[in-house]
Amino acid sequence: MDNFVDPPLDQHLEAADRAVAEWAEMEKRQCDDAQRACAADVSKDEQELRSLMQRRAHLLASVKEADGSREQQKRMIHGSEHEVRALQTEILKVEPAVDRLKSREKLHVGNLTKFNQEREKAAQTHQSVVDELMKGIHMYQKLGLGITEVGENHLGFVFTQIDPSNHDREFSFSLRVHQDAFVVETCSPEVADVPALLDALNSTNNISFFVRSMRQRFKSLI
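In terms of my numbering, the sequence shown opens at residue 76 and continues consecutively.
Don't take every hint at face value.
What the hints assert, rightly or not - Below 25 Å or equal to it, Euclidean Cα-Cα: the simulated DSS-like pairs (lysine-lysine) are:
{"id": "1", "residue 1": "Lys-149", "residue 2": "Lys-139"}
{"id": "2", "residue 1": "Lys-103", "residue 2": "Lys-119"}
{"id": "3", "residue 1": "Lys-181", "residue 2": "Lys-196"}
{"id": "4", "residue 1": "Lys-196", "residue 2": "Lys-177"}
{"id": "5", "residue 1": "Lys-181", "residue 2": "Lys-168"}
{"id": "6", "residue 1": "Lys-217", "residue 2": "Lys-294"}
To be verified - Beta-carbon label-pair distances, calculated as ranges:
{"id": "7", "residue 1": "Leu-296", "residue 2": "Ala-256", "range": "23 to 31 Å"}
{"id": "8", "residue 1": "Ala-256", "residue 2": "Leu-162", "range": "49 to 57 Å"}
{"id": "9", "residue 1": "Lys-149", "residue 2": "Lys-177", "range": "22 to 30 Å"}
{"id": "10", "residue 1": "Ser-203", "residue 2": "Pro-239", "range": "30 to 38 Å"}
{"id": "11", "residue 1": "Lys-177", "residue 2": "Phe-284", "range": "18 to 26 Å"}
{"id": "12", "residue 1": "Ser-118", "residue 2": "Asp-85", "range": "47 to 55 Å"}
{"id": "13", "residue 1": "Cys-113", "residue 2": "Asp-142", "range": "20 to 28 Å"}
{"id": "14", "residue 1": "Phe-284", "residue 2": "Pro-264", "range": "30 to 38 Å"}
For the record, the hints were derived by calculation from the structure and aren't laboratory data.
A quick note: this is a predicted structure, and the numbers were derived from the prediction, not measured.
In this text, a Cβ means the ideal position worked out from N, Cα and C, and glycines have one as well.
Use the sequences and the hints to build the structure in full.
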């Protein structure tokens, strides 16, 4: 009686065991699938994390580089500002010298203009004297006047036909231009009022009148 098992109960227990085993197998498969899915998600998350970490490192490097570039630019700007201030200081130092040079240049231009005007005036005066002298030459050659060039701006005048007793006797003087003024270098025989005649000549530049006056003075000495 003790070893008797009801066949339907055995069948029922076997069915229950199979059901439990199938359920356990299914749960195991589900756990395995979940584990694999979880492992895949973890791997994916790790990849994303590594990517984010790399991106973060790249961004940090970019920020550091940008900071370094910004600092360098700040140093360059600071250096440029220093150079600008130095240049401004130099300009302030140079400007008075430039103004002085401009004033000197203006003065030199004025002096040059004045010099050119005076030179032109002197050239006109010289030409006037030459013209007057040529008139006197032509006139006094008839009265026994000879003119020779003694040197630069230096002429010698020789009269004859003054002394009735000796028509070949020579009366002479030399006239030189020195610093825009006439000077009598030699005079033979001497004429007392040569300085007064020279003053008149330098005032009027009338050399013809001066030559006539000298001939009259020579004639009065006879």
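Hints versus structure:
1. Lys-149 with Lys-139: holds (15 Å)
2. Lys-103 with Lys-119: Cα-Cα ~24 Å, so holds.
3. Lys-181 with Lys-196: Holds - the C-alpha atoms of Lys-196 and Lys-181 are around 22 Å apart, at most 25 Å.
4. Lys-196 with Lys-177: violated (28 Å)
5. Lys-181 with Lys-168: holds (21 Å)
6. Lys-217 with Lys-294: holds (16 Å)
7. Leu-296 with Ala-256: 23 to 31 Å: holds (26 Å)
8. Ala-256 with Leu-162: 49 to 57 Å: At roughly 56 Å between Cβ atoms, Leu-162 and Ala-256 fall inside 49 to 57 Å, so the hint holds.
9. Lys-149 with Lys-177: 22 to 30 Å: Given about 40 Å between the Cβ atoms, the range is violated.
10. Ser-203 with Pro-239: 30 to 38 Å: holds (35 Å)
11. Lys-177 with Phe-284: 18 to 26 Å: violated (49 Å)
12. Ser-118 with Asp-85: 47 to 55 Å: holds (48 Å)
13. Cys-113 with Asp-142: 20 to 28 Å: violated (41 Å)
14. Phe-284 with Pro-264: 30 to 38 Å: violated (21 Å)
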